[in-house]
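**Q** Hey, can you work out the whole structure from these sequences and the hints?
In the order they appear, the protein sequences are chains P and W.
Under numbering that gives the first Met the number 0, think of the first position of the first sequence as 0, with each following residue one higher.
Under numbering that gives the first Met the number 0, think of the first position of the second sequence as 0, with each following residue one higher.
Hint data in this document are derived by calculation from the structure and do not stem from the laboratory.
From the three backbone atoms N, C-alpha and C, an ideal C-beta is built for every residue, glycine too.
Chain W stretches covered by chain P per the calculated footprint, using a threshold of three residues with CB under 8 Å from any CB of chain P:
| # | region |
| --- | --- |
| 1 | 115 to 129 |
| 2 | 349 to 357 |
| 3 | 446 to 458 |
Computed list of lysine-lysine pairs in DSSO-like fashion (alpha-carbon distance at most 27 Å, straight line):
| # | chain 1 | residue 1 | chain 2 | residue 2 |
| --- | --- | --- | --- | --- |
| 4 | P | K80 | P | K162 |
| 5 | P | K71 | W | K260 |
| 6 | W | K354 | P | K95 |
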Amino acid sequence: MAYEKVNELNLKDTELCLGLPGRTEEIKEEQEVSCVKSNNKRQFEDTREEEESTPPTKTQIVGWPPVRSSRKNNNSVSYVKVSMDGAPYLRKIDLKTYKNYPELLKALENMFKVTIGEYCEREGYKGSGFVPTYEDKDGDWMLVGDVPWDMFSSSCKRLRIMKGSDAPALDSSL
Amino acid sequence: MTQDRSEMSEDDDDQQSSPLDLPSTAIASSSTPNKSRNCISSSVTLKSQTFPDHVLENVLENVLQFLDSRCDRNAASLVCKSWWRVEALTRSEVFIGNCYALSPARLTQRFKRVRSLVLKGKPRFADFNLMPPDWGANFAPWVSTMAKAYPWLEKVDLKRMFVTDDDLALLADSFPGFKELILVCCEGFGTSGIAIVTNKCRKLKVLDLIESEVTDDEVDWISCFPEDVTCLESLAFDCVEAPINFKALEGLVARSPFLKKLRLNRFVSLVELHRLLLGAPQLTSLGTGSFSHDEEPRSEQEPDYAAAFRACKSVVCLSGFRELMPEYLPAIFPVCANLTSLNFSYANISPDMFKPIILNCHKLQVFWALDSICDEGLQAVAATCKELRELRIFPFDPREDSEGPVSELGLQAISEGCRKLESILYFCQRMTNAAVIAMSENCPELTVFRLCIMGRHRPDHVTGKPMDEGFGAIVKNCKKLTRLAVSGLLTDQAFRYMGEYGKLVRTLSVAFAGDSDMALRHVLEGCPRLQKLEIRDSPFGDVALRSGMHRYYNMRFVWMSACSLSKGCCKDIARVMPNLVVEVIGSDDDDDNRDYVETLYMYRSLDGPRNDAPKFVTIL
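**A** Below is the structure:
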């Protein structure tokens, strides 16, 4: 158990417990270790690895927050359809698995075995022949990359990779 | 209360609040020696009774069989020996809140004509990996005892029990009139066990698998239903993580004219759902499956999904959306206005996609969702759903320090818009006392208040104060409150409030809260209706535990893990209270000499300690 200092009151000082002073940290360690050992189910990932200096209060604790594991499995999904001009099959991808545009574009390139190239603000995807576009929540078709990633991923309803020569002039100033 | 609420129920809500569960009645009656022990001999003496007694019992039997509520039945059974006997003969539905409170033999000895059994096993904290697997709660001894005693058994409803395929096979073989199987949060069985049930239980009306772990034995259980017209009224398999034979399912639905409730798993695609809906417009409750596609050929015309939903004029309960493709969400528009229950809790929907839907749902009473709808989405709920009774908001990202899309703003909005609210479960990252107090004042009908501030010991994020006043206001103002779960930074003061005002509280859930033993003492001394107490990681020790000894026989269970209890104290309590089973649960390599108790789980029992305890459980 760890306690924060709240309003200069260190709650740990007023805690009643058995055993000698200094034992509570030991107990906490034992608790976490023994809980971990008996846990056959999915573990939390410790996502705080980058903050080495944070106190133990930030470590993930078994069973907290109290969400059943069946709920955690399905968290990731935010599927959108992806079509490419000329390809016979539609695919679907989960936008949440990507953190930024380069990752998404790379995944699309792998999926459809094409090269899309890099986004360039003024000229779009010059030279590759493929233009990734998306339909946003308002029904407008936009060029992938025009808006910040977060805005894109929350408003994208479907993706379409157009062949460069067929793509209508998408005015990125819209 | 919609009839679907108990199906959606993920936790231990009892629909009836019963101050006298079966075991306590039996305990009370066993203290006057004649009643519970003599049921066999009293039936023998029936023949030698005088004629008027016989008439009286016949009359009583005819009257008592109309008594449904188990509360009333428990009371009636305490009137006198004669009433006890007749009540036992006429009770057809038995509820057992803790499978270890009594043995199966005691059940079958007392009640002779049982048609329906509701049985609960593991304590709720087992859901969160706080208990090693293989702890117990086996269905096997129950089914084997009932197989001999209750050939006319029709319904079994289990929660958090360990059920094997063999158990299901025995069930299917032993009860020719079997009608309803409901397994909530159970495990231990697979699709092969389910196949036996679907094949042999010819009168099956209800097969509901809810939040259970079902192993994929690669058995086509849907095809095992008999070929002729079925009696099926409800089929729920959304938790089954195994592909199904869709053609067989389509055929099954086509020959199930009474089917009203259908909950598909994520292996049923949107196209398949469309076909099913066109064939089953009489459905009232629908779990939509994945609500998405896999690969699909480009040339095919997209089916008109909205038309299929338009045809389902009776759908009032909608769930599923297990792999939602948001662009298809508008297909459900035609049913929104009729919905009384909507479960979006597996769908990561943004506020922009959510708002157009919810604005149509004026009749909604039960709503479950992920916090991805944000405070903005909750405000839309508050503006539209004036009939809302139950709200559950689950975290999309269940970690302590993640971004919190919902906060006190959402809670405040709900409290202002949904005045009829009775039950709330709300996960968030930050909260204020003011919002909680507002809810306590705006929603006087609240019976269940469960707030989970995911950061441990987190105070009111505006004032920096503990959350004592907020929870205090809840227990004080919500006069009907029976269930409470607390979180955030809480001092002993919060518990003082609970003890002073929480007079109807039956279930209390505490985690990372309180300063001292006094906190627990306030609750044990002040809450007379307390039945179920679950505590983790709080600084409560032996003094507190001892202070509740006058209560433990009147409670269903007490769970305390990662507190400050000693084995010595637990042993003392076990010695002084012989009808209390005191389990100390540790991990496998526990040092037996260690005095520290990692997990205490104790409960009253009429038949002493169980004989199936695994080695990591020590019964004191």
